[in-house]
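So the sequence lines, in the order shown, correspond to chains W and U. Per this note's numbering, the very first residue in the first sequence carries number -13; after that it's consecutive. Per this note's numbering, the very first residue in the second sequence carries number 56; after that it's consecutive.
Just so you know, these hints were derived from the structure itself, not from any lab. Mixed in with the good hints there might be a few duds.
No more than 30 Å apart at the CA atoms, straight line, and that leaves these computed lysine-lysine pairs for DSSO-like [as the list claims (entries may be wrong)]:
hint, chain 1, residue 1, chain 2, residue 2
1, W, Lys8, W, Lys124
2, W, Lys478, W, Lys8
3, W, Lys8, W, Lys393
4, W, Lys537, W, Lys124
5, U, Lys127, W, Lys478
6, W, Lys537, W, Lys393
7, U, Lys127, U, Lys137
8, W, Lys393, U, Lys127
9, W, Lys12, W, Lys393
10, U, Lys76, W, Lys124
11, U, Lys137, U, Lys76
12, U, Lys137, W, Lys305
13, W, Lys478, U, Lys137
14, W, Lys397, W, Lys10
15, W, Lys478, W, Lys393
16, W, Lys489, W, Lys12
17, W, Lys397, W, Lys509
18, W, Lys124, U, Lys71
19, W, Lys305, U, Lys98
20, W, Lys8, U, Lys127
Note that the coordinates shown come from a computational prediction; the quantities given were computed from them, not determined experimentally.
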Amino acid sequence: MINALPPALVLILGALPLIFLKGKAKGVWLLILPVLSFINLLAIPVGSFWSYDFLGFEVVLGKFDKLSLIFGYIFHIVAIISNIYAWHVDDRVQSIAATVYAGAALGVTFAGDLFSLFVFWEMLTISATFLVLARRTKAAIAAGARYFMVHVAGGLCLLAGIIMHVQETGSAAFGFIGLESFASYLIFIGVGVNCAWPFVHSWLVDAYPEATITGTIFLSAFTTKTAVYFLARAFPGTEALIWIGVAMAGFPIFYAVIENDLRRVLAYSLINQVGFMVVGIGIGTHLAINGAIAHAFNDILFKGLLFMSMGAVMYRTGKINATDLGGLYKSMPWTCTFCIVGAASISAFPLFSGFVSKSMVMEAAAHGELRFVWFVLLFASAGVFHHAGIKIPFFAFFSHDSGLRCKEAPKHMLLAMGIAAFLCIFIGTFPQFLYQLLPFATDYAPYTASHVIAQTQLLFFSALAFTLLLLAGIYPAEIRSVNLDADLVYRKGAPWLYRVCDKIFNGINDFGDRVFVQQFPAKLSRFFSDPARNLQSYGVRLLTEATGEEKTLASRQESAERRTRNLAYPVGGGVLLTVSFLAAVSLVFFFF
Amino acid sequence: MKKSNETNDKPGMFDKPENVKRLLVIFFTLTGLTLGIDLFYHKHAIFPWEEYFGFYAVYGFVACVILVVISKFILRPLVMRKEDYYD
């Protein structure tokens, strides 16, 4: 046995003291805890640990290989950065939810079996919901409830798949599953919900922009990336993922262009970036998987950085819509600079982190002769620069002067953004440090002249298009609005479903109540109030109807009634005799 | 607090139109340079079209124009609703 704790438990148990801690002590504990957890992780060698027997299946809380470790590292890094960023937050709900959330993500990452994985999976859902609810606005509470419902549905789908899968294979081990049986499809779709696949993606763009300023930083890192990890472990090389990923990379950029809420723009671009990862996993070659994982690693940092910069703007100005912002570069120069670093990273500028990972996926697609996929990914690369690379910094910090004057972001926020920005540039400049951590050995060289020039051209001419369209007045002006997305189905559909269910189920309920609660017992009680007479009178009526002797009906009924009134049936006596007999028999059995 | 107000109220770098114009000139020049450099190096391409002159430049430009045109003239009329649509 090794001298360490399961990584998930360090954070989840570490959340307990937060119930009592307040103020500075709480802040300090939140800074120390992920660092302790990281040290704990570094002390664990590659292998499987903490296995227990559960109903005849092996539950493994720690399966450590290169694939799970790289996710473990980045989850710790982002937890540390996010906690620095959230230093000012004095809200017990948020601190506990965020810590448990990070712990649950580690639980999924290092789970060696599907049962413990599922437990942590659900823990992700619950804790994430609280990060949305904690904003405590009406919109946030509604979005949090929708978030919860969608993820519970996805979780149930996953659970059904897991149970069937375990039944079929006789093993609960978490490894390659592949898309074959019905069970594997259920698992696939259940994970797809967390991965924000098209049509089940709208929880992300619905809830993330409604969450708290600091909550969104955590949210952007964990849920989708644990799903990416799951897919990389269980479904590498599944062709369906290529097409799902292509759709994810493609459609959100159109929405991002017309969206006014800048955090929602980032939420759309989050789906777009996860699309690259999903394509990579779908292609399934070593280069593609490496690219997907490296991109997940980088995305956590630059997407976190972008969300942090927008969070800082929101923290200082209370506004996040492009229509309300602009000209903030004067008030918040550092935030602006860090935002531009994040924008350059997500756009994959040479020397920034996105460049060294996105290109791996692109090249893997090209080597696989996937022409259409390659063209869409290239389109998405230009598009992401357009909406996340230019639009975010431009509308927040430049554009027209909104007249807003505020202070620079607080120091701890700047520190957190600074660390993330440093890592983005460091990884972009020295990618070998990241490449060493990847699941497969690689000698991939991102910095070739062809590659650097091609990417620079792509980006400069995308920027040229933006500039010219803006100068020509064609660029869509930001408008206060709601843009319909797949969540329309349940946001407008749910009241309809409610009404239909109300009609059907309450109809059945009503019917049951009327017939079985009111009418039927009443009839029965009337019948049994005098069963003999009722039975006879019914029999007599049937007989007379059959024979046609209606004259005799009255007299026959009357005689039946007379017999009843005189109790001329030995029923009571019969019951007495039966009871006495049974009592005698039981006494006999008791004594002999 | 007073100090930060003073710095905030100073006209920024981009409040002066000549600065914006200067920036645009630099940007257009750089854009031209990235295209011009295409003539002077040997490309390592996987697909044949990657070797065409200015392939990435044209693709990037056209992609963004298409992106904006589709978003503005097709997607927006389809999906845009008033802010209180769901309330």
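Structure-based check of all given hints:
| no. | hint | verdict |
| --- | --- | --- |
| 1 | W:Lys8 x W:Lys124 | holds (27 Å) |
| 2 | W:Lys478 x W:Lys8 | violated (42 Å) |
| 3 | W:Lys8 x W:Lys393 | holds (26 Å) |
| 4 | W:Lys537 x W:Lys124 | violated (76 Å) |
| 5 | U:Lys127 x W:Lys478 | holds (24 Å) |
| 6 | W:Lys537 x W:Lys393 | violated (105 Å) |
| 7 | U:Lys127 x U:Lys137 | holds (16 Å) |
| 8 | W:Lys393 x U:Lys127 | violated (35 Å) |
| 9 | W:Lys12 x W:Lys393 | holds (26 Å) |
| 10 | U:Lys76 x W:Lys124 | violated (45 Å) |
| 11 | U:Lys137 x U:Lys76 | violated (37 Å) |
| 12 | U:Lys137 x W:Lys305 | holds (19 Å) |
| 13 | W:Lys478 x U:Lys137 | holds (15 Å) |
| 14 | W:Lys397 x W:Lys10 | holds (15 Å) |
| 15 | W:Lys478 x W:Lys393 | violated (41 Å) |
| 16 | W:Lys489 x W:Lys12 | violated (51 Å) |
| 17 | W:Lys397 x W:Lys509 | violated (79 Å) |
| 18 | W:Lys124 x U:Lys71 | violated (42 Å) |
| 19 | W:Lys305 x U:Lys98 | violated (47 Å) |
| 20 | W:Lys8 x U:Lys127 | violated (49 Å) |
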